[in-house]
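For the sequence shown, our numbering assigns the number 251 to the last residue and increments by one with no breaks.
Heads up, some of the hints might be wrong.
[As the list claims (entries may be wrong)] With a straight-line Cα cutoff of 20 angstroms, these simulated EDC-like cross-link-like pairs (lysine to aspartate or glutamate) come out:
1. LYS84 with GLU39
2. LYS159 with GLU228
3. LYS173 with GLU116
4. LYS77 with ASP152
5. LYS79 with GLU109
6. LYS77 with GLU103
7. LYS123 with GLU109
8. LYS79 with GLU155
9. LYS244 with GLU218
10. LYS193 with GLU228
11. LYS231 with ASP152
12. LYS84 with ASP175
[Unchecked claim] Ranges of calculated distance between the beta carbons of each label pair, as one might list FRET restraints:
13. SER178 with GLU17: 45 to 51 angstroms
14. ALA170 with TYR249: 41 to 47 angstroms
15. LYS84 with THR206: 33 to 39 angstroms
By construction, these hints were calculated from the structure, which means they are not laboratory data.
Built from N, CA and C at the ideal position, the CB exists for glycine as well.
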Amino acid sequence: TIGSYAFWSCTALDLEELPSSLTSIYDYVFYSARVLFTEMPNNITSIGDHAFDFCSSLALTKLSDNITSIGAYAFNKTKLKINKLPSLLKSIGTYAFSQTLIEDIDIPEGVTSFGEYVFSACKSLVRIGIPGTIATIPNYFCYNCSSLTNIDLSEGTTKIGNTSFRGCTALEKIDLPSTITSVGSSAFNGTTKLKTVICRNVTPPTIQSNTFTNAPLEEIFVPDESLETYKTYTNWSSKASIMKPLSEYGG
Numbered sequence: 001t002i003g004s005y006a007f008w009s010c011t012a013l014d015l016e017e018l019p020s021s022l023t024s025i026y027d028y029v030f031y032s033a034r035v036l037f038t039e040m041p042n043n044i045t046s047i048g049d050h051a052f053d054f055c056s057s058l059a060l061t062k063l064s065d066n067i068t069s070i071g072a073y074a075f076n077k078t079k080l081k082i083n084k085l086p087s088l089l090k091s092i093g094t095y096a097f098s099q100t101l102i103e104d105i106d107i108p109e110g111v112t113s114f115g116e117y118v119f120s121a122c123k124s125l126v127r128i129g130i131p132g133t134i135a136t137i138p139n140y141f142c143y144n145c146s147s148l149t150n151i152d153l154s155e156g157t158t159k160i161g162n163t164s165f166r167g168c169t170a171l172e173k174i175d176l177p178s179t180i181t182s183v184g185s186s187a188f189n190g191t192t193k194l195k196t197v198i199c200r201n202v203t204p205p206t207i208q209s210n211t212f213t214n215a216p217l218e219e220i221f222v223p224d225e226s227l228e229t230y231k232t233y234t235n236w237s238s239k240a241s242i243m244k245p246l247s248e249y250g251g
């Protein structure tokens, strides 16, 4: 066991590996310390709040396969570059992966608890896959991910939170599954290349007047039978002139 705050700000630590017997990494253990390992022991099942926060030398490429919880700010502002999250993962805290070097990631279906800002300002993130088991995408989820071009949403997700994808300036298209019922305030605000929206719900989802502010929308595809409903629906009506039946979508 290594207690909380044990190596707080130990900038000369040069830690190259963790003990294989370690099962938990507690809060603030390595906060702002110099840690150099790229993999962690497979016995680890939990990572506490701020465990590696501000560890600018940490360049992990693989997490333990047995992790079930990752705390708030756990890897914030590190060089973390994983391409897979543990399949047993259940909870991810606020800012857990903010400002890391992750490029392509899928959220495991078992995740049931999410904080806000989880992937915010991940400037290298190009693609993220979100399973339908996640009903609500949290506020500020991928805020200011300026390289994000692909958001893979699945049937089952019902709500996109406020400012979830604001400032994703490389995003050109978003496909909203038929289960989406609500898209929050400023969810796609500042997506300055977003031209195409596909909305598959026959009932228009609730959106706000600023959901797509500063997005240069050119076409919105909606179910054929709902086209006229969308054209008169609150906050969708202002976009009536660029609405088209889904049957014309060739993507």
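Numbers of the earlier hints that this structure fails to satisfy, in rising order: 2, 3, 4, 5, 7, 8, 10, 11, 12, 14
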